[in-house]
Amino acid sequence: MPLLYKLGNNPIIAALRKPEEIERALDSQVQNIFFMGGNLKEIIHSVRLAKDRKKGAFIHLDLIKGLSSTDKESVDFIAEYVGADGIITPKSHLIKEAKRVGLYAILHLFVIDSLALKNGLSLAQTVQPDGIELMPGVIAKIIHTFSETLTDIPIVASGLIHTKEETIEVLHAGATSLSVSDTTLWNLTFQDLSRTL
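Numbering (this note's numbering), first residue to last: 13 to 209.
Keep in mind that a hint or two might mislead.
[Unchecked claim] The calculated lysine-lysine pairs, modelled on PhoX-like cross-linking and capped at a C-alpha distance of 25 angstroms, are:
1. Lys103 x Lys130
2. Lys63 x Lys130
3. Lys176 x Lys153
4. Lys130 x Lys77
5. Lys67 x Lys18
6. Lys103 x Lys18
7. Lys103 x Lys176
8. Lys53 x Lys103
9. Lys176 x Lys30
10. Lys111 x Lys130
11. Lys66 x Lys30
12. Lys66 x Lys130
13. Lys30 x Lys18
14. Lys84 x Lys103
15. Lys30 x Lys130
16. Lys63 x Lys84
17. Lys153 x Lys84
18. Lys67 x Lys130
These are calculated hints, taken from the structure and not from any lab test.
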């Protein structure tokens, strides 16, 4: 199944920095969770809880203690023992490894200037990730550029999104969904935003 179908049914993805936030995410309307903190033992437990509740689970390799953010063996471990749906990483070789083992591969890009924009577009076109996470997520111009250039790759806006209005602006710019840590946004659905979208 293309990642677009997994992410596209709900505009909000819960971005968990602390494993103790898992219960709140599980009880919310979100259908997918990005794990962005904690240690390996906590992540294994949290991913199992998410899967039991039929929620997608994605691991940000650079932010989990006990996982190497550079070794392909971390990707193998996630696929074989953690049971997550996919990974998030800025590293192109790990995007390829994730696809090799059947995980969704989300390319994390931090776009801070014109050079980062150019390089990010080029990298995405080369490695063809299943999705792209763009930071900071409140820059509509950047989101629009990526969504117009890479029309078949879902765009996840991430970072500095704190209001319903920012959510609407980002979706209007072409984002498929938003990864947010602000729990007040976790229950927003497309229906909630439909009057303005």
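Item to check | Earlier hints that do not hold, by number | outcome: 2, 4, 7, 12, 15, 17, 18
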